[in-house]
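Undergrad: Each chain, written out:
There are 2 protein chains.
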Amino acid sequence: MLKVTFLGTSAAVPSAERAMPSIALKYDELFLFDCGEGCQRQMMRYGVGYGAVKAIFITHLHLDHFLGVFGLIETIRMNTERGSLIIFAPRGLTRILEAMSPTMNWKPSFLDIREMHEGELYRGRGYSISAFRVEHQGRPSFGLVFAEDDKNKFNEKKAKGLGLAGRMFKDIQKDGFVEVGGKKIKLEDVSWVRKGIKVVYSGDTGFDERIAEFAKDADLLIHEATFGEDLKEEAEKRGHTTAKGAARIAKKAGVEKLALTHISGRYKGGKELEKEAKEIFKNSFVVQDGDEVEVKPGKEEK
Amino acid sequence: MLKVTFLGTSAAVPSAERAMPSIALKYDELFLFDCGEGCQRQMMRYGVGYGAVKAIFITHLHLDHFLGVFGLIETIRMNTERGSLIIFAPRGLTRILEAMSPTMNWKPSFLDIREMHEGELYRGRGYSISAFRVEHQGRPSFGLVFAEDDKNKFNEKKAKGLGLAGRMFKDIQKDGFVEVGGKKIKLEDVSWVRKGIKVVYSGDTGFDERIAEFAKDADLLIHEATFGEDLKEEAEKRGHTTAKGAARIAKKAGVEKLALTHISGRYKGGKELEKEAKEIFKNSFVVQDGDEVEVKPGKEEK
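In order, the protein sequences belong to chains X and B.
The C-terminal residue of the first sequence carries number 772 in our numbering, and the numbering is unbroken.
The C-terminal residue of the second sequence carries number 772 in our numbering, and the numbering is unbroken.
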């Protein structure tokens with residue numbers, strides 16, 4: 471199971487209710503998608519153990535998406551003994567860290583800064599985190615995909631009924647078939663594919679139908695919805711998406727659920743945005759700071 | 471009247487309850503003494519209008535005391551139309567801002583960064599803000615003093631009884647005396663001095679009796695009290711003060727009130743620190759995020 475905790479759900483200007491963008495993903499390890507100012511306190515407030523962060527993925531170098539890394543690094547350094555902390559970010563973060571280092575006590579060796587790029591960024595046991603490009607104010611900007619690998623699962627009853635036994639189970643996985651008593655049995659005859667969990671995050675982006683390709687069949691699409699229909703032009707001008715735009719992506723991608731985040735301060739709870747999105751994609755909801763969404767493995771298909 | 475709002479009262483590592491160090495002082499203008507991570511949201515939460523900040527004074531360049539300026543600058547820039555924002559800080563902040571500027575949209579002209587130094591930093595109408603040096607981990611570190619000018623106030627009944635009238639009131643202020651019917655009347659015979667409000671902030675510092683000189687007769691001393699008696703050696707080693715140490719400074723300086731802040735996460739509400747301080751200086755209290763203290767002009771003396 472994957473647990474997503476929305477640590478900060480505001481657009482660039484926070485409010486008393488919404489902190490700067492940060493999303494925690496807890497699987498076997500803890501990951502952060504963006505790390506806005508105050509992220510470490512949000513982790514403390516919502517019971518996400520900050521000391522365990524394995525890697526942080528910064529979608530783009532706008533201040534509201536990365537300022538929190540510095541304080542988090544300091545707190546991790548002071549309070550825990552641990553190995554390296556991986557931070558993926560577009561080029562530019564290292565220079566800031568270098569300028570800041572005389573004021574901090576961190577050793578560069580503690581940090582493993584890597585440049586964000588398209589494609590696979592991190593491989594865990596049976597899952598990957600990868601990035602795709604989005605368009606946002608002409609700045610290198612990325613969306614992120616957490617994806618469990620699909621898994622072949624045997625229908626043991628059927629397999630045994632057809633005579634499979636012992637090492638045949640290994641052979642059929644390796645070769646795609648085995649012969650039992652002169653009869654060829656294919657892997658797909660005795661197994662089904664358990665679809666892996668897939669969670670996709672848009673980062674900051676203008677409306678972009680390509681995102682639907684990356685989000686295809688996701689269990690959860692987390693899409694920015696900075697504005698509503700009242701400020702559609704503003705959204706276009708500033709490289710953001712409206713709630714309806716996000717819903718169009720969700721519908722086209724055929725996702726299970728759509729979480730709307732990065733909400734401009736003018737919408738408060740965001741019920742009007744939720745309503746607009748629901749007109750296009752029913753399973754839409756605006757998230758608030760501290761909201762949790764659990765994503766469970768795909769249904770058994772046979 | 472001066473209103474002090476404690477926006478963040480933690481030591482270097484924050485908690486769900488305590489944000490990073492920041493203190494707002496509202497007089498005719500709004501000032502910040504330190505500006506830790508999350509300061510802008512604390513200002514929103516506690517009703518301190520962030521758009522009105524006139525100047526920020528960073529006591530030293532430890533991350534927990536200055537990280538909040540970047541987000542605050544961005545929010546002010548995006549949400550308000552205003553003149554320059556003055557930031558006093560030890561050398562080093564400009565280099566960080568320069569490294570960060572490609573990620574922000576701020577124009578350097580918007581900021582008026584000045585190097586922190588001993589002595590008067592800012593002069594307002596009838597008050598000043600000045601700095602004094604403290605010792606903290608061998609790093610340029612300062613304490614701050616907000617001080618209203620003392621004012622001569624006439625005892626009008628007495629002055630008129632002695633025959634003062636019209637422009638004599640101006641002359642006596644200018645020359646220190648006037649002659650009325652051949653008799654010399656001195657300013658001090660017909661007036662009293664209204665002591666100006668004085669609020670002193672220690673910044674981060676090891677125990678240092680010199681601070682009592684700068685805090686002499688203050689209405690409010692805000693002193694760091696990172697540790698209690700249980701960690702006295704830790705305090706010495708790390709350039710911090712215990713609650714009792716702070717109380718000794720308050721007592722020696724003869725201040726009205728002692729506010730203890732910069733509380734290590736291990737003390738939670740800090741009642742044990744308050745108790746220790748009170749043994750030495752009765753009018754001590756540990757502050758929590760959002761606490762306000764109003765400081766009113768000195769009592770009339772005649």
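Hints were generated in silico from the structure; no laboratory data involved.
Any given hint could turn out to be false.
Copies of the same chain look alike in the list, so a pair counts if it works inside one copy or between any two.
What the hints assert, rightly or not - In silico DSBU-like links for lysine-lysine, alpha-carbon gap of 30 Å or less:
no. : residue 1 : residue 2
1   : K738      : K524
2   : K727      : K644
3   : K640      : K748
4   : K473      : K738
5   : K766      : K727
6   : K524      : K644
7   : K738      : K496
8   : K656      : K748
Because the structure is a prediction, the values reported are computed rather than measured.
Undergrad: Work down the list of hints and note, for each, if the structure agrees.
TA: Results for each hint:
no. : hint        : in the structure
1   : K738 x K524 : between (32 Å within a copy, 28 Å between copies)
2   : K727 x K644 : neither (35 Å within a copy, 77 Å between copies)
3   : K640 x K748 : neither (47 Å within a copy, 74 Å between copies)
4   : K473 x K738 : both (25 Å within a copy, 29 Å between copies)
5   : K766 x K727 : within (12 Å within a copy, 56 Å between copies)
6   : K524 x K644 : neither (32 Å within a copy, 70 Å between copies)
7   : K738 x K496 : both (27 Å within a copy, 28 Å between copies)
8   : K656 x K748 : neither (43 Å within a copy, 81 Å between copies)
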